[in-house]
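Protein chains in written order, with numbering that gives the first Met the number 0: chain E, 0 to 459; chain W, 0 to 284; chain B, 0 to 437.
No wet-lab data here; the hints were simulated from the structure. No residue lacks a Cβ here, since even glycine has one placed at the ideal position from N, Cα and C. Any given hint could be a false lead.
Just a sample of chain B residues kept apart from chain W, beta carbon distances all over 10 Å, derived [unchecked claim]:
id, residue
1, Glu-147
2, Ala-173
3, Val-176
4, Pro-319
5, Phe-433
With a Cα cut of at most 27 Å, we get these calculated BS3-like pairs of lysine-lysine [stated by the list, open to error]:
id, chain 1, residue 1, chain 2, residue 2
6, E, Lys-453, B, Lys-35
7, B, Lys-250, B, Lys-315
8, E, Lys-352, W, Lys-125
9, W, Lys-125, E, Lys-453
10, E, Lys-457, E, Lys-352
11, W, Lys-168, W, Lys-131
12, W, Lys-131, B, Lys-250
13, W, Lys-150, W, Lys-125
14, E, Lys-457, B, Lys-315
15, B, Lys-162, E, Lys-269
16, W, Lys-125, W, Lys-171
17, B, Lys-35, E, Lys-269
18, E, Lys-457, W, Lys-131
19, E, Lys-457, W, Lys-171
20, W, Lys-168, W, Lys-150
21, E, Lys-457, W, Lys-125
22, W, Lys-171, W, Lys-131
23, B, Lys-35, E, Lys-352
24, W, Lys-49, E, Lys-453
25, E, Lys-269, E, Lys-352
26, B, Lys-250, E, Lys-457
27, E, Lys-352, W, Lys-150
28, E, Lys-453, B, Lys-315
29, W, Lys-125, W, Lys-168
30, W, Lys-125, W, Lys-49
31, B, Lys-35, E, Lys-162
32, B, Lys-315, E, Lys-162
33, W, Lys-171, W, Lys-150
34, W, Lys-131, E, Lys-352
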Amino acid sequence: MQLTILATTLLLLTLIGFYLGRSRAVASAGGNRRQLHSLPGYHGVYVALWCGLPALFIVALWLVVEPHVIEALVLSGLPEGMTDVGPGQLSLLINEIRNAANGVSFFGEPNPAVVAAAERYNALHQIGFAAMGVVAAAAAIGGLAWARRRIAPNMRARNRVEKAIMAILIVLSTISVLTTIGIVLSLLFESIRFFSRVPVTEFLFGLQWSPQTAIREDQVGSSGAFGAVPLFAGTMLITLIAMCVAVPVGLLSAIYLADYASPRVRSVVKPVLEVLAGIPTVVYGFFAALTVAPFVRDAGASAGLDVASFSALAAGLVMGIMIIPYVSSLSDDVMNAVPQTLRDGSYALGATKSETIRQVVFPAALPGIVGAILLAVSRAIGETMIVVMAAGLAANLTANPLEAVTTVTVQIVTLLVGDQEFDSAKTLAAFALGLLLFCVTLILNIIALRVVRKYREKYD
Amino acid sequence: MMVMDRSNRATAPTAPAPGAQAEATAEATAGVYGPLKISAQGVDVFYGDKQALKQVDLDIHENQVTALIGPSGCGKSTFLRCLNRMNDVIESARVRGTILLDGQNIYDRDLDVVTLRARVGMVFQKPNPFPKSIYDNVAYGPRIHGIGSGKAELDEIVATSLERAGLLKEVKDRLHEPGTGLSGGQQQRLCIARAIAVNPDVILMDEPCSALDPIATARVEELIDELRENYTIVIVTHSMQQAARVSQRTAFFHLGELVEVGDTEQIFTSPRDERTQGYITGRFG
Amino acid sequence: MTDIAREGHRGRPAAQHADLSQARLRRRYAAERRFKLYGVLAICLAIGVLGILLFSVVSKGYTAFVKTEIGLDVYFDPEEIDPEGTRDPAVLADANYDRVIRDAFERTFPEVSERRERRALSDLVSSGAWLVLRDRVLEDPSVIGTTERVWFRASDDVDMLMKGYIPRDVPETARRVSDAQIAWIDALDEAGQVGTRFNLDFFTAGDSREPELAGIWGAVVGTFLTMVVTLVLSFPLAVATAVYLEEFAPKNRWTDLIEVNINNLAAVPSIVFGLLGLAVFLGWFGLPRSAPLVGGMVLALMNLPIIIIAGRASLKAVPPSIREAALAVGASRLQVVTHHVLPLAMPGILTGTIIGMAHALGETAPLLMIGMVAFIVDIPSGFTDAATVLPVQIFLWADSPERAFVEKTSAAIIVLLGFLVIMNALAVILRRRFERRW
Chain E
0 MQLTILATTL LLLTLIGFYL GRSRAVASAG GNRRQLHSLP GYHGVYVALW CGLPALFIVA
60 LWLVVEPHVI EALVLSGLPE GMTDVGPGQL SLLINEIRNA ANGVSFFGEP NPAVVAAAER
120 YNALHQIGFA AMGVVAAAAA IGGLAWARRR IAPNMRARNR VEKAIMAILI VLSTISVLTT
180 IGIVLSLLFE SIRFFSRVPV TEFLFGLQWS PQTAIREDQV GSSGAFGAVP LFAGTMLITL
240 IAMCVAVPVG LLSAIYLADY ASPRVRSVVK PVLEVLAGIP TVVYGFFAAL TVAPFVRDAG
300 ASAGLDVASF SALAAGLVMG IMIIPYVSSL SDDVMNAVPQ TLRDGSYALG ATKSETIRQV
360 VFPAALPGIV GAILLAVSRA IGETMIVVMA AGLAANLTAN PLEAVTTVTV QIVTLLVGDQ
420 EFDSAKTLAA FALGLLLFCV TLILNIIALR VVRKYREKYD
Chain W
0 MMVMDRSNRA TAPTAPAPGA QAEATAEATA GVYGPLKISA QGVDVFYGDK QALKQVDLDI
60 HENQVTALIG PSGCGKSTFL RCLNRMNDVI ESARVRGTIL LDGQNIYDRD LDVVTLRARV
120 GMVFQKPNPF PKSIYDNVAY GPRIHGIGSG KAELDEIVAT SLERAGLLKE VKDRLHEPGT
180 GLSGGQQQRL CIARAIAVNP DVILMDEPCS ALDPIATARV EELIDELREN YTIVIVTHSM
240 QQAARVSQRT AFFHLGELVE VGDTEQIFTS PRDERTQGYI TGRFG
Chain B
0 MTDIAREGHR GRPAAQHADL SQARLRRRYA AERRFKLYGV LAICLAIGVL GILLFSVVSK
60 GYTAFVKTEI GLDVYFDPEE IDPEGTRDPA VLADANYDRV IRDAFERTFP EVSERRERRA
120 LSDLVSSGAW LVLRDRVLED PSVIGTTERV WFRASDDVDM LMKGYIPRDV PETARRVSDA
180 QIAWIDALDE AGQVGTRFNL DFFTAGDSRE PELAGIWGAV VGTFLTMVVT LVLSFPLAVA
240 TAVYLEEFAP KNRWTDLIEV NINNLAAVPS IVFGLLGLAV FLGWFGLPRS APLVGGMVLA
300 LMNLPIIIIA GRASLKAVPP SIREAALAVG ASRLQVVTHH VLPLAMPGIL TGTIIGMAHA
360 LGETAPLLMI GMVAFIVDIP SGFTDAATVL PVQIFLWADS PERAFVEKTS AAIIVLLGFL
420 VIMNALAVIL RRRFERRW
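Could you build the full structure based on these sequences and the hints that come with them?
This is the structure:
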């Protein structure tokens, strides 16, 4: 709320800056606009930029730094003995203070120290915000005055504004790089903490996955095991089943659409296939859990097979359906890139369409198709909702598609959803799995994109 | 010696030297043509609403090279593609009229395109070897048509075809390397080898040298002249000199019409139609 | 060379003619037909599965748009509601309306006397049914002391029974509705005291533990707030990046890096973005859990590469001649872009944005990571309130054991798909309307 008021104020100042700059420019030229180097509007934007940007920078800085500063101040003010606990307890304490400060209280009688800390928290927050508001407003007004004074008919306002806008564009375009860096750093940071408790080798090669660690020392079953091999195996099994569905169906439909279908059929069928890609994965998960899994179980039962109610087969089949459009649209592109002259060459020798496709087009497109399949595999590995809803939680090490298996993404979700304690090996394990997932999909993507690009260059 | 002769002519600036031309065509034509191979009667082609060919009548005789010339967009390639029904591949194309191959209409309902194309081979403007080995490129046609049952037979067909395309010596040691690794001229001769491996009666060539350098062009032209003994060849070319060098009969197309057809020598020396005259003297096209 | 070739091949060549026999041709054409059939089968399979999926969702979900109601003749007993006779709203709001309903049941079925049976009887209506009475009394206190036919929402089990989801012909222990309850319902039905009505509450209520009371409005508002944040963040960022990379960036290592980075970011699993949000936005910046603000930020980062790639494609499609023409009349490069290129590319960028937003609208996994999976009854009123979104609501309901939630889940899916259809239709219209061929 306060932030909204501040933002509105700053915006208003910026707007005022724009008009002041513009009118000043017109006045400085004595009403003769032709004497100005740049249009008056550019002078206005110039002043507005000087007014808004520094203030914006200050607000952003404050938003980033403030929580940590206040947290440190509040903690240092707490009575002795409350802060020298483990980092997990500490973050719980901080949460409690924050909740108390927001007026939310969960557990009966609050600790008086916590209440005091919450009051201090609120006070500090108020003071900090007020100070920041004043500084930001001052910066805005100062920038406005300074820039306005510099306006003269021969000032190259347009060039300056364009330079500033270019700088802004460059800064904004680095956000995507920052995102990647953020992903890598946050995953690495937490994973390193995880690996300081659980050795990397145990994680990568251990055959036992049961992440339930005890919260209290004396609890039973406190031995968490973090061997991720069953998760990899489960992920691979489900991905394999998905590919067994998606690759033949996707490829054959792409071939049919590219080489056989009339334009009318193509214009209908292609969007319909794309609908499959547009359906949210949670819907597929629901479909898998409620329709496909029981169907598979009943079909298995009538064939005398014992199928788990959340079998890998059901999840894999539905994931395969989800992947179909990726395979078909990518391989459609790839096969369209095969030059018509190759097809003509084959037809001119008296080959039928299917002979041409199987013996000329398909081999020519093979590298591209492999790239497309790799991309599809990486999507299947990273897919979450279908397996969360339709695959199991038990980490079975099995190759039997009729049994329940669990996957990397399922475990990430189960480890992090619900009540969790910070800094336990359990939560950190999720980040280690995330890092692994990120690396595997990244490698697959890089290979696939490179293969596809090489392939494209070949026929360009 | 022939190579020398031809490359000399390739550098000659405008109209061919009549004397040399006479020497090349004398034995083959001698005023009479061989038996009739293809006869096109009243052929119309439409691409959508646009008419690309209007009422073309043309006879093509055995063991002869017939050249189709004309400015770009005149319909000469379209006509060529009618002869083995390659226009079927283009969705908007419609063909009307009759084209008789050995007396049989190739646009007959009963006639099978696969059969037709096995008899009428084609070589394209840009060399288009399949992304397979040289061997597999040549063996592709025989394999799909069931020629040569065993490996030995297939080996022999591949070797003969490559030899007759004048390529065997150059690629003998790397038959199993990709055909796309050859030079442009070699690729085009590979495509010719691929076409003759099926042993067709007719070979259609659509500007086979337009993507090649002069030396490679000379090799291919030489090859065309040799192939004439066994095959009926129809060649589309935008180069009048090439038509003069390799063909015995020449047909001139203009704006979708067949303007004039006759002995190559006659077309180039004394054209009857003034449009032909204008084209060969370089006034347009 | 020439001579060898000539000598070896005078006359017809040695090679055999192509085997064009009818038998072989028939075989080849049979293979051709088979191959074509595989293609048709593949497409039919894909479309068939899509059909089954949609059918199973719609057939399970359409009944959620109506609700079963039970009409009872309620005697607004002054003793029960307002014993003092003050008509004080505070007293009226606090009265025990459950008892009033129980009395109404007892009057309808006087033969039921046993305690347990009475409870089973009043279980026919929803546990939230008393709210109807309270609202009725508060609205018009003069009804106290009169008898009136009031329609109550049936409990989820009765609702399921009436919609045919609970079979009547199985042993009593195998279903959630007892034989006695079925008999009562049938009696009520015969007396015209059971009816169905359009389930408006489904669209206006928040989440609830009781299936018959649960609605999607909370999730819809949460979705809206989240999408606003996503759009506000991702659109300007993506357009700026696309414009910079396509129009201004020099070709060097740095821009190459950005480009590779964007392509790879587009393929990072969505759950990893959730982990990023958890570690950075919640852990480092200390933003509130479960908030649309954080959800929107995470989805914006996920959306960014999609819009950038679409934006670059449509910027690239603007022919260079337009840029040259503008430069030639003395426009600066920035003016060229803002005055000419960007307006021409805007339909394409907007189409990409809508498609990206549709993608974000269906996204679930990253939002689970940042705690938008909590059970939230209240309708969120701001960007930092705890909220959930439609796909997560679907996930939560799909996890609930009650049979009635299956219907609710499917109905929520229908609504979600409806939104997606609208957005994609918008994108298609935009593309058709402004598509330009240069």
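Here is how each hint holds up against the structure:
At roughly 73 Å, the least C-beta separation between Glu-147 (chain B) and chain W is larger than 10 Å, which holds for a residue marked as non-interface. Here Ala-173 (chain B) stays apart from chain W, with its beta-carbon at least about 61 Å from theirs, past the 10 Å limit. The beta carbon of Val-176 (chain B) is kept farther than 10 Å from every beta carbon of chain W, the shortest such distance being approximately 62 Å. For Pro-319 (chain B), the non-interface assignment is confirmed: its Cβ lies about 27 Å from the closest Cβ of chain W, beyond the 10 Å cut-off.
The Cβ of Phe-433 (chain B) sits about 26 Å from the closest Cβ of chain W, beyond the 10 Å cut-off, so the non-interface label holds. Proposed proximity of Lys-453 (chain E) and Lys-35 (chain B) is contradicted: the alpha carbons are some 30 Å apart, above 27 Å. A threshold of 27 Å between alpha carbons decides the hint, and for Lys-250 (chain B) with Lys-315 (chain B) the separation of about 15 Å falls inside it, so the pair holds. About 21 Å separates the Cα atoms of Lys-352 (chain E) and Lys-125 (chain W), which keeps this hinted pair within 27 Å; it holds.
A distance of roughly 22 Å separates the Cα atoms of Lys-125 (chain W) and Lys-453 (chain E); the hinted pair therefore holds under the 27 Å criterion. Between the alpha carbons of Lys-457 (chain E) and Lys-352 (chain E) the distance comes to roughly 23 Å, so the proposed pair stays at or under 27 Å and holds. Distance restraint check for Lys-168 (chain W) and Lys-131 (chain W): the Cα-Cα separation of roughly 19 Å lies within the 27 Å cut-off, and the hinted pair is therefore satisfied. In summary, the hint linking Lys-131 (chain W) to Lys-250 (chain B) is not supported, as the alpha carbons are separated by about 36 Å, beyond the 27 Å threshold.
Taken as a hint, the Lys-150 (chain W) and Lys-125 (chain W) pair is broken in the structure, with Cα atoms around 30 Å apart against an allowance of 27 Å. Pair hint Lys-457 (chain E) plus Lys-315 (chain B) holds up; C-alpha atoms about 22 Å apart against a cutoff of 27 Å. Between the alpha carbons of Lys-162 (chain B) and Lys-269 (chain E) the distance comes to roughly 37 Å, so the proposed pair goes past 27 Å and is violated. Taking the CA atoms of Lys-125 (chain W) and Lys-171 (chain W), the gap is about 23 Å. The hint holds against a cut of 27 Å.
A threshold of 27 Å between alpha carbons decides the hint, and for Lys-35 (chain B) with Lys-269 (chain E) the separation of about 17 Å falls inside it, so the pair holds. Restraint check for Lys-457 (chain E) and Lys-131 (chain W): satisfied, since their Cα atoms lie roughly 14 Å apart, inside the 27 Å limit. Our distance criterion of 27 Å between C-alpha atoms is met by Lys-457 (chain E) and Lys-171 (chain W), whose separation comes to about 26 Å. Taking the CA atoms of Lys-168 (chain W) and Lys-150 (chain W), the gap is about 21 Å. The hint holds against a cut of 27 Å.
Between Lys-457 (chain E) and Lys-125 (chain W), the direct Cα distance comes to roughly 15 Å. Compliance with the 27 Å bound is thereby established for this hinted pair. Of the pairs offered as hints, the one joining Lys-171 (chain W) and Lys-131 (chain W) holds, with about 16 Å between alpha carbons and a cut-off of 27 Å not exceeded. With a C-alpha separation of about 9 Å, the suggested pair Lys-35 (chain B) and Lys-352 (chain E) falls inside the 27 Å cut-off, and the hint holds. Only pairs whose Cα atoms come within 27 Å are accepted, and Lys-49 (chain W) paired with Lys-453 (chain E) is rejected, the gap being roughly 39 Å.
Restraint check for Lys-269 (chain E) and Lys-352 (chain E): the C-alpha separation of about 21 Å stays at or below 27 Å, so the hint holds. Pair hint Lys-250 (chain B) plus Lys-457 (chain E) holds up; C-alpha atoms about 23 Å apart against a cutoff of 27 Å. At most 27 Å may separate the alpha-carbon atoms for a hinted pair to count; Lys-352 (chain E) and Lys-150 (chain W) meet this at roughly 25 Å. Distance restraint check for Lys-453 (chain E) and Lys-315 (chain B): the Cα-Cα separation of roughly 21 Å lies within the 27 Å cut-off, and the hinted pair is therefore satisfied.
Taking the CA atoms of Lys-125 (chain W) and Lys-168 (chain W), the gap is near 23 Å; set against the 27 Å cutoff, the hint holds. Proposed proximity of Lys-125 (chain W) and Lys-49 (chain W) is supported: the alpha carbons are some 26 Å apart, at most 27 Å. About 59 Å separates the Cα atoms of Lys-35 (chain B) and Lys-162 (chain E), which puts this hinted pair outside 27 Å; it is violated. Restraint check for Lys-315 (chain B) and Lys-162 (chain E): satisfied, since their Cα atoms lie roughly 23 Å apart, inside the 27 Å limit.
About 17 Å separates the Cα atoms of Lys-171 (chain W) and Lys-150 (chain W), which keeps this hinted pair within 27 Å; it holds. Taking the CA atoms of Lys-131 (chain W) and Lys-352 (chain E), the gap is about 18 Å. The hint holds against a cut of 27 Å.
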